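Here the protein sequences come in this chain order: W and B. As numbered in UniProt numbering, residues 1 to 217 make up the first sequence, in order. As numbered in UniProt numbering, residues 1 to 580 make up the second sequence, in order.
Treat the hints with care, since some could be wrong.
[What the hints assert, rightly or not] Heads up, incomplete: computed chain W residues facing chain B, CB under 7 Å, no partners named:
(1) G98
(2) P100
(3) P101
(4) R103
(5) L178
(6) M186
[Unchecked claim] Below, in silico cross-link-like pairs of lysine to any residue (SDA-like), each with a Cα-Cα straight-line distance of 25 Å or less:
(7) K372/B <-> E353/B
(8) K484/B <-> D171/W
(9) K484/B <-> P183/W
None of these hints come from the bench; they were simulated from the model. Fair warning: this is a prediction, and the values are worked out from it, not measured in the lab. Even glycine gets a Cβ: it sits at the ideal position worked out from N, Cα and C.
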Amino acid sequence: MATSVLGTDRADNYKETELCLGLPGAAVAKNEVETATKATGKRGFAETVDLKLHLQAKDGVMDLNENIKSITSNVKNHLPAVTIKDPAKPPAKAQVVGWPPVRSYRKNVMSQKNAGEEGDQKASTGGSSAAFVKVCMDGAPYLRKGMIDFMNERKLMDLLNSSEYVPSYEDKDGDWMLVGDVPWEMFVNSCKRLRIMKGSEAIGLAPRAMEKCKSRT
Amino acid sequence: MLRKASSFPEEMLEHVLSFITSDKDRNAVSLVCKSWYEIERWCRKRIFVGNCYAVRPEMVIRRFPELRSVELKGKPHFADFDLVPDGWGGCVYPWIAALATAYPLLEEIKLKRMVVSDESLEVIAKSFKNFKVLVLSSCEGFSTDGLAAVAANCRNLRGLDLRESEVDDPSGQWLSRFPDSFTSLASLNISCLGAEVSFSALERLVGRCPDLKTLRLNHAVPLDKLANLLRGAPQLVELGTGAYSAELQPDVFSNLAGAFSGCKELRSLSGFWNVFPGYLPAVYPVCSGLTSLNLRDANIQGADLIKLVSQCRSLQRLWVLDYIEDIGLEELAACCKDLTELRVFPSDPYGAEPNVSLTERGLVSVSEGCPKLQSVLYFCRQMTNAALVTIAKNSPRMTCFRLCIIEPRAPDYQTLQPLDLGFGAIVENCKDLRRLSLSGLLTDRVFEYIGTYAKKLEMLSVAFAGDSDLGLHHVLSGCEKLCKLEIRDCPFGDNALLANAAKLETMRSLWMSSCSVSFRACKLLGQKMPRLNVEVIDERGPPDLRPENCPVEKLYIYRTIAGPRFDMPGFVWTMNGDSV
């Protein structure tokens, strides 16, 4: 009785409850389903009806393990292979807005990540526009793991230029450079950690910048 | 008024009603008969408005003349995940202005996901002489200037809670605006503030408020100052630390440990930004009494984390990052038999590869070891139907189950099947389930299970799931108690929506984004259902410049007696009435 009955009843109920709001060319439920199936290539409802899940709606817990075993064997016999990667889907690791559903405000508060790795600093975050870099400010008692929004170059520079402090950074080669001396893209790709120095200590950092630009362009 | 001899005198009914505080019960009372409606409305003290656009403030004021507490919610839940564009709405000012005139004796205002201006805060500060509690949860639009006005003017303030709000911080001095004579504070939550507050002002405030039970600091309060605060408030029940690191110095450590030992009433801990593990043992003295531990901002890992958690034998609620891993959750299951709520957050949500060993096994362990488990939020990267079935069997009391498998449409990693059966087992076994969030590879079948079994379900969140309109139809036609439905990136279109239009009036709201609902269907719905606001959100421009069968970007439908709203920004169109 189970699902096939459930399925058929549902289709009939669907028709009965359908508000006749007069959409021109409105198709019946089943047709819509079939069209959808063709469009996405996924298994349609009609195919799943044959599974006969024997769902017991009465008291007592259904024997799910039994069902799972019988389902998996049915599935192998009756159904086409489930495609896991739909070719029409975007590439697997592309950033999707609002997914996974983590609170957006937390990206703005100073947050830390991977603190256990004291030695190496990870600057990649799999596609998002922000990266985590260790930030050290002269005079502050401890390191902060800061999240630098690399899309906001202007904000960062304005903030730092208005004070007596000079932002410097350590790049992939281990050299200390002044922020702003190399093109922004190059800075973003090579920055491993930031140090905000007092202006007096920053003498001597500028000359290296020219060499870097020449060797990398 | 003519009364039958057998009816209660009004005063007696009022007295009886004073014991009835739940909104649902109060609403039921008001429906019994006209006289009960009248008596009830005159003595209702608290009101909860789940959608600020469902009713106009004047309507609330007209019906309930004696309110002391108002709670409002604004933006849809998916605003938390950047799906609602800035400027959408939810401004509280019109409400505050109306309340200020109508309720001079108002004591509490609680707002969630609303835009609150400094001006609103100033009106609150100056309009209500007996104002006691302000809660701004996930709000934005205000600065510490507004807070300064509240501090300076609310002489009887008991609670100020800014949880998860975004606050502009032009001045850190607002705390100093609490007068020296102000001593009534019982609860202060400033954990969301980005900048430093004046520590001396904070210390004096904490020291002179003997009723202070809840203190949630922000990360800018350094660890070496925490001991001073604790010694000034040994009666604290709930504490959120600031940054939890400093150079390890024996005297700082022993001072802190001593201060914690003095807090015999402490039941809830949070904060722990930037943890230096060497300082963790300072909290061990209070662990055995803790019922709530929130480590979602804490970068504690490995043995340090497990050691901390396993000492909290009385724990009922744990929020933690996935650094806890399966092995830590096994330990949790062995130690914390009173656990009712578990939330495991991703430490690296956008990373391509797993950075920790947290799988479905961790959640299964907890369901096995913790018989009182009721509420779960779990981010992970793999799941199986078998695991979900086991969890369902182990936790029949589950009321809230939110699973987020990070990769959209991820199947059961062992069988490569959809997770329909697993979630089906959850809804079938957990008969009191009120809230459910789905993820992973799911077909229309899972919605059939939900429609069949989830009879108490009130809120459902769906993403990247389903095959056709049938999925949506199962939910709308089967879930009798459904109140909020939010859907993104699902192939649901016009038919299920139009066929179940009447259902939408029984729900608070429906959100659909990146689905297949056409502009034509939205217009139809808006025109035929005057008690629904049907709002299309589309940042591409006016929807009528595109073909009618083009799907809309986002759709937000909610029941209302207030009519279409007047404050829609340029990217929101109402489908109601002639304005279409």
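Outcome of the hint check:
1. G98: Where the cut-off is 7 Å and the nearest Cβ of chain B is about 3 Å from G98/W, the hint holds.
2. P100: Holds, about 5 Å.
3. P101: It holds, given that the least Cβ distance between P101/W and chain B is near 5 Å, below 7 Å.
4. R103: holds, 5 Å
5. L178: At about 27 Å, which exceeds the 7 Å cut-off, the nearest Cβ of chain B leaves the hint on L178/W violated.
6. M186: violated, 23 Å
7. K372/B <-> E353/B: violated, 33 Å
8. K484/B <-> D171/W: Violated: K484/B and D171/W sit about 49 Å apart, past 25 Å.
9. K484/B <-> P183/W: Not satisfied, since the Cα-Cα distance of roughly 49 Å exceeds 25 Å.
Comparing the model with each numbered hint stated earlier shows that hints 5, 6, 7, 8 and 9 do not hold.
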